[in-house]
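Colleague: Residues per chain are reported as follows:
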Amino acid sequence: MTKSNLTRRGLIKTSAVAGVGLATPTIFTASSVAAFTNEPTGSSVTLGFNVPQSGPYADEGADELRAYELAVEHLNGGGDGGLMNTFSSKALKGNGILGKEVKYVTGDTQTKSDAARASARSMIEKDGAVMITGGSSSGVAVAVQALCQEAGVIFMAGLTHSNDTTGKDKKANGFRHFFNSYMSGAALAPILANNYGTDRRAYHLTADYNWGYTTEEAVRTSTEALGWETVAAVKTPLTQTDFSSYIAPVLQSGADVLVLNHYGGNMVNSLTNAVQFGLRDKLVNNKNFEIIVPLYSRLMAKGAGANVKGIYGSTNWHWSLTDEGSKAFVKSFGTKYGFPPSQAAHTTYVQAMLYADAVERAGSFNPCAVAEALEGFEFDGMGNGKTLYRAEDHQCFKDVLVVRGKENPTSEFDLLEIVEVTPTEQVTYDASIFGGELGACNPGA
Amino acid sequence: MFGLAAKDFRLLLLVAALVAFAPFILNPFPEGSGMAQFNAGYPDLMQRFVIFGIFAIGFNILFGLTGYLSFGHAAFLGVGSYAAIWMMKLLTMNVIPAIILSVIVAGVFSLIVGWISLRRSGIYFSILTLAFAQMMYSLAYSVLTPITGGETGLQPKTSDPRILDSLVTDGTTPKANLFGLEMGASYDLSVSGWVFTFNAGYYIAAVVMLISFYVAIRIFRSPFGMMLRAVKSNQNRLNYTGLNAKPYTLAAFVISGMYAGLAGGLMVAMDTQAGAERMFWTASGEVVLMTILGGAGTLIGPVLGAGLIKYMENILSKINSNILHEWFAFLPDGFEDLLVTLIYPFIGKGWHLTLGILFMLVVIFLPGGLVEGGQRIGRLFKRKKPDATPAADKTPAE
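For the protein sequence lines, the chains are S and E, in the order given. In terms of numbering that gives the first Met the number 0, the first sequence opens at residue 0 and continues consecutively. In terms of numbering that gives the first Met the number 0, the second sequence opens at residue 0 and continues consecutively.
It is worth saying that the hints were derived from the structure and are not from the lab. Misleading hints may appear alongside valid ones.
Unchecked claim - Label pairs and their calculated CB-CB ranges:
hint, chain 1, residue 1, chain 2, residue 2, range
1, E, 249, S, 390, 20 to 30 Å
2, S, 280, E, 126, 36 to 46 Å
3, E, 142, S, 228, 23 to 33 Å
4, S, 76, E, 324, 15 to 25 Å
5, S, 252, E, 95, 14 to 24 Å
6, E, 345, S, 41, 30 to 40 Å
7, E, 107, S, 77, 57 to 67 Å
8, S, 41, E, 362, 18 to 28 Å
9, S, 76, E, 379, 53 to 63 Å
10, E, 191, S, 76, 45 to 55 Å
What the hints assert, rightly or not - Derived BS3-like pairs (lysine-lysine); straight-line CA-CA distance at most 27 Å:
hint, chain 1, residue 1, chain 2, residue 2
11, E, 6, S, 167
12, S, 330, S, 102
13, S, 405, S, 308
14, S, 99, S, 335
15, S, 234, S, 308
16, S, 167, E, 174
17, S, 89, S, 99
18, E, 245, S, 167
19, S, 89, S, 102
Even for Gly, the Cβ is constructed at its ideal location relative to N, Cα and C.
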């Protein structure tokens with residue numbers, strides 16, 4: 000124990016030391032000669048692949064990483080070239096990007112915004128990545144997109160379905176190829192009306208977080224416009240694994256359709272519970288009880304097994320598509336890994352290619368030049384038909400697939416069948432409806 | 000000096016030297032070399048080192064001194080973050096008001112939580128704090144989405160009011176700053192292959208960390224600290240002598256909650272983003288790990304523990320199988336594959352496994368944490384060379 004004895008001399012000494020300490024940081028100020036953040040000067044360029052390698056979306060993350068590795072191989076001139084052969088833009092030559100060999104670093108987002116940002120920052124600050132891509136959650140996508148905007152690098156979003164990513168949280172340096180909740184709702188509603196009629200009563204179970212909210216709202220709005228009635232919308236905790244207590248009240252509510260705004264493990268569990276409760280064998284209001292899953296993925300269908308049979312949903316891309324681009328991608332992915340790619344793999348592969356192509360066309364890695372090259376870019380041959388990267392919100396507009404769980408799957412990958420390809424016009428919306436603003440592109444430095 | 004005993008002052012100087020020269024110490028390998036993978040001297044990680052150092056120092060004031068194991072400390076970190084980000088959105092991007100408010104708000108929350116939880120001790124106290132933290136996490140994640148941004152979290156936007164700042168007109172994102180000095184501003188010093196980065200944000204956080212460390216030393220050496228140790232050694236005896244331990248433990252709880260809030264505020268200042276998952280119970284568990292790994296009840300232990308965990312999380316987790324193959328490329332193919340297969344589970348996404356093994360080893364063989372390891376090494380040298388200067392610098396005053 001020491002007694003503090005405050006003297007004049009002591010005080011002066013202390014404040015002098017404190018003053019020096021406080022002044023230290025001001026000596027260092029930003030000084031950089033590069034035109035933009037991480038300008039590649041050597042013979043190679045580094046891209047950052049930030050995907051969930053642990054946590055609930057690790058399966059999607061692993062598939063995304065496979066797709067990125069494939070994309071890098073193709074960009075560097077290896078393999079069969081994949082989608083570069085079918086892509087409408089012919090700027091890529093298989094000699095890297097702008098003649099620089101493509102290298103990459105990987106990171107684990109853990110599906111947590113903080114971890115994802117830490118990982119992305121280390122890619123930018125330590126490894127000199129000039130573009131960050133990946134992710135399998137909208138929360139992570141929004142967080143990393145904001146980071147990239149601040150740091151002055153391009154962000155090519157991976158699997159993110161919430162309206163917010165290119166809606167209220169859109170950023171000038173961020174781009175999304177994947178579709179969103181609004182498009183799911185707009186694509187699904189007419190199919191549902193055709194198959195189930197226009198006088199249905201719907202009950203929503205919604206994962207209690209941003210993506211759940213926007214999906215519920217999108218499906219609600221578009222089905223109500225066709226005459227459906229929404230009986231109730233119940234929020235379920237994201238960590239819920241047993242949904243029986245949420246399923247039981249559905250039968251008493253007089254609803255004849257159950258909409259599961261769930262993704263990943265949530266959807267697998269809730270759907271399994273619902274089917275086990277015999278919901279689909281019930282006859283309510285003289286109509287067959289039906290279940291709908293707005294966002295489908297093959298990995299989820301695999302998890303839910305036989306329960307997905309006959310259940311409608313929407314998806315961004317499916318490997319059974321027969322256009323040239325999809326066939327080429329399935330072929331080169333299958334040759335390398337031995338099984339067909341998921342929609343997560345497809346969207347991330349395409350994002351990497353689109354970035355590389357935009358750099359080639361712009362003739363520079365400068366984020367502002369790349370953004371300009373991507374804005375309003377129309378392309379084809381990437382598996383989704385004619386696609387537009389809209390300049391107003393950096394969202395891709397393309398056909399949306401409405402799928403249904405297959406009754407007689409022939410293999411463990413053949414679980415979904417395409418019911419209809421909803422044309423782009425039907426899912427296009429005005430860029431201003433979600434609010435938010437892009438701001439100006441930031442080249443950093 | 001500063002009212003510290005000579006030994007403590009030397010420790011403070013050592014820590015000050017370590018943080019001041021961290022950009023050199025953490026970047027021992029030249030850029031572009033194979034070992035550069037292990038360099039940790041980039042701004043983000045250096046900032047995390049000192050911020051989590053503050054968090055662990057604060058946690059140690061409660062756990063190390065009173066023995067009360069709070070399992071919900073991350074909640075105060077999260078609350079501090081939200082307070083800071085709202086200050087930045089509404090008032091100014093200057094970090095000072097944000098950090099001050101984050102400390103105050105965390106203090107208020109910890110007062111409420113502590114007042115209720117401290118009615119019980121031992122495992123019941125831990126469970127109560129855990130329950131509060133999970134409750135706050137769930138609220139932030141879903142119910143309070145309008146305030147917390149839910150899963151997406153909060154970031155400053157161009158359209159925020161920021162009444163003290165001048166209007167942003169060119170559509171650029173506002174950046175956190177200290178009277179104009181941006182937190183992201185860095186100066187790169189290149190010395191024949193080596194690149195050392197001096198980052199403004201890091202040094203600001205480091206100064207705050209040194210002040211926190213100084214305050215912690217003063218608390219440890221004060222009569223108040225002595226009372227807290229008395230609570231740890233035998234609370235019943237304290238009660239029988241007619242002393243009420245509650246005000247002391249509550250004060251310790253609030254102080255450590257404010258430290259957590261300070262860490263949260265700094266996190267936002269360095270990386271303008273606040274999200275709910277930093278309040279999750281695993282984050283609370285992490286700070287317990289840091290403290291125990293470094294040495295609970297010691298002054299410097301928690302800082303070392305925080306550094307080690309953050310290093311592993313950020314460096315080890317980024318090594319992928321390709322990098323391993325590059326390292327062992329000189330070996331014959333079969334042998335190379337075998338080595339890679341053997342090591343792979345422990346790196347990349349398997350870093351948790353390595354951390355777990357390390358934690359077990361430390362708890363079993365070094366119950367006093369890394370600090371005890373340092374002491375043992377120190378004693379080893381002492382025995383060999385009795386006239387050599389004792390390694391007192393490395394050993395804490397405990």
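Colleague: Each hint: holds or not?
Modeller: Tested hints:
1. E:249 <-> S:390: 20 to 30 Å: Because 57 Å falls outside the window, the suggested range is violated.
2. S:280 <-> E:126: 36 to 46 Å: holds, 44 Å
3. E:142 <-> S:228: 23 to 33 Å: holds, 27 Å
4. S:76 <-> E:324: 15 to 25 Å: holds, 20 Å
5. S:252 <-> E:95: 14 to 24 Å: Given a distance of about 53 Å, which is not inside 14 to 24 Å, the answer is violated.
6. E:345 <-> S:41: 30 to 40 Å: holds, 31 Å
7. E:107 <-> S:77: 57 to 67 Å: This hint holds: roughly 59 Å between Cβ atoms.
8. S:41 <-> E:362: 18 to 28 Å: Violated, at about 45 Å.
9. S:76 <-> E:379: 53 to 63 Å: 57 Å Cβ-Cβ, so the 53 to 63 Å window holds.
10. E:191 <-> S:76: 45 to 55 Å: The hint (45 to 55 Å, Cβ to Cβ) is violated, given that residue 191 (chain E) and residue 76 (chain S) are roughly 34 Å apart.
11. E:6 <-> S:167: Roughly 55 Å between the alpha carbons, so the hint for residue 6 (chain E) and residue 167 (chain S) is violated.
12. S:330 <-> S:102: holds, 24 Å
13. S:405 <-> S:308: holds, 5 Å
14. S:99 <-> S:335: Roughly 24 Å between the alpha carbons, so the hint for residue 99 (chain S) and residue 335 (chain S) holds.
15. S:234 <-> S:308: holds, 25 Å
16. S:167 <-> E:174: holds, 19 Å
17. S:89 <-> S:99: Roughly 17 Å separates the two Cα atoms, so the pair holds.
18. E:245 <-> S:167: violated, 48 Å
19. S:89 <-> S:102: holds, 22 Å
Of the numbered hints listed earlier, those contradicted by the structure are 1, 5, 8, 10, 11 and 18.
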